[in-house]
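Chemist: For reference, the chains in residue letters:
Protein chains: 2
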Amino acid sequence: RYCTRMARTGGGPLFRQLFESESSTYTYLLADAETKEAVVIDPVLETIDRDLKLIRELGLDLKVAVNTHCHADHITSTGLMKKRLVGLRSAISKFSGATADIQLSEGDTIPFGKHHLTVRETPGHTDGCMTLVLEDQSMAFTGDTLLIRGCGRTDFQQGRPERLYESVHQKIFTLPDQCLVYPAHDYLGQTVSTVGEERKFNPRLTKNLEEFVNIMNNLNLRHPAKIDIAVPANLLLLRSTLLTGDR
Amino acid sequence: RYCTRMARTGGGPLFRQLFESESSTYTYLLADAETKEAVVIDPVLETIDRDLKLIRELGLDLKVAVNTHCHADHITSTGLMKKRLVGLRSAISKFSGATADIQLSEGDTIPFGKHHLTVRETPGHTDGCMTLVLEDQSMAFTGDTLLIRGCGRTDFQQGRPERLYESVHQKIFTLPDQCLVYPAHDYLGQTVSTVGEERKFNPRLTKNLEEFVNIMNNLNLRHPAKIDIAVPANLLLLRSTLLTGDR
Ligand SMILES: [Fe+2]
Ligand SMILES: [Fe+2]
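Protein chains in written order, with the numbering used here: chain A, 2 to 248; chain B, 2 to 248.
Among the hints, a few may not be true.
Pairs involving identical chains hold if they fit within one copy or between any two copies, as the list cannot separate such chains.
Stated by the list, open to error - Calculated pairs, DSSO-like style, for lysine-lysine (alpha carbon to alpha carbon, straight line, at most 27 Å):
no., residue 1, residue 2
1, K95, K201
2, K95, K83
3, K37, K115
4, K54, K83
5, K208, K83
6, K37, K84
7, K208, K54
8, K54, K84
9, K54, K201
No lab work stands behind these hints, which were simulated from the structure alone.
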């Protein structure tokens with residue numbers, strides 16, 4: 002019913018979750034343990050040296066750098082990585098408005114060795130948001146669509162709460178209960194959740210559509226410190242401290 | 002050779018890694034998926050509400066709160082947890098100098114359902130440091146003894162570099178290569194490593210004993226921002242920024 006991480010006994014890819022603390026962003030590295038072909042999800046400029054060092058130490062052959070969406074809070078390192086790793090290709094949704102070597106849409110796959118990620122379009126936070134699902138549906142990389150006990154904001158750029166609600170319910174909550182949920186951000190030190198847990202405990206997505214839209218349209222007033230915006234963590238902390246002082 | 006985390010297909014415990022950003026501390030939650038009996042490793046006062054909420058949501062029966070060691074940087078929430086969860090018992094090394102319901106020493110086990118953790122004494126950072134190893138040796142919780150590409154400081158309290166070196170080489174590097182290494186802290190956004198990787202790439206522990214002792218005895222001058230001390234992350238960041246400015 003729930004989940005764990007285990008030593009690779011067979012079958013599963015090599016997997017690493019990496020955190021960037023200024024923007025509270027998670028970067029994910031997946032690789033075929035035999036062929037060493039690898040994919041990186043949402044790499045961040047600030048941690049490019051750390052990530053390239055790890056890729057080199059593990060002897061990986063990084064094929065694709067994929068961004069779950071295009072946003073100001075993701076100052077991605079994909080362009081710089083491409084300059085430093087010959088043969089690396091960038092990938093993003095064709096609805097993102099951004100350029101990349103690979104333009105992805107629903108059902109497309111990103112292969113790495115015997116494994117692959119499958120694209121599920123999950124617009125709402127932006128038009129080009131995607132969720133990437135491992136071939137055995139044991140892991141979903143949900144970007145800013147579904148966060149742990151939360152979701153990405155929908156009140157700027159192409160954000161539309163109705164679309165996000167539909168995306169989560171049709172494309173993510175239809176995955177198996179035990180599927181691990183790995184988001185693009187977390188602000189509370191949580192590293193992973195599961196589809197079953199979010200379906201049961203997500204304080205926003207468990208509401209009906211009308212209530213959800215209402216929550217999302219009043220988010221700035223209610224959760225200013227938890228939203229997905231392009232400010233450093235210390236500013237978020239400052240705002241949070243000030244607000245706590247006001248309570 | 003390397004590692005991954007996977008959906009629990011059978012056998013493995015429920016597992017969660019949780020982060021506290023002020024002290025850069027990891028707390029770990031392990032549970033038997035059937036009986037729900039659970040153990041928490043290195044809980045932190047600042048995140049006790051988050052952790053108790055998760056334990057409640059997952060329907061866990063928390064039996065033991067164990068601290069890998071007793072130090073100023075670990076302002077643990079064990080005492081407060083015991084007040085809030087009837088039947089919870091605390092555990093720590095009998096060489097820690099601290100009181101707890103269970104005093105642990107080499108080879109002792111902490112059972113939770115059909116799983117258990119085994120104690121390996123790994124002194125050096127403090128006299129009472131322990132590494133906790135899952136029954137199948139797929140995971141090791143190394144406390145401040147072995148960090149990812151680093152180790153705990155040995156220059157204050159009961160710190161002794163020779164003992165730490167011996168502990169790592171005799172008690173941790175003798176585990177299987179693919180055994181996952183989960184430390185008590187990480188300051189660079191790294192979440193996990195493996196015994197094989199640390200044996201190969203740890204910049205300190207790959208040195209011989211003499212070089213290691215020399216590194217550790219000159220640590221304050223060389224790595225002031227990365228050491229295991231009881232200051233908030235923003236102070237560490239400040240020191241790091243000032244030093245970068247000096248280079
Ligand atoms: Fe975003
Ligand atoms: Fe410590």
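Chemist: Which of the numbered hints above does this structure break?
Modeler: Result: hints 1 and 5 break, sorted rising.
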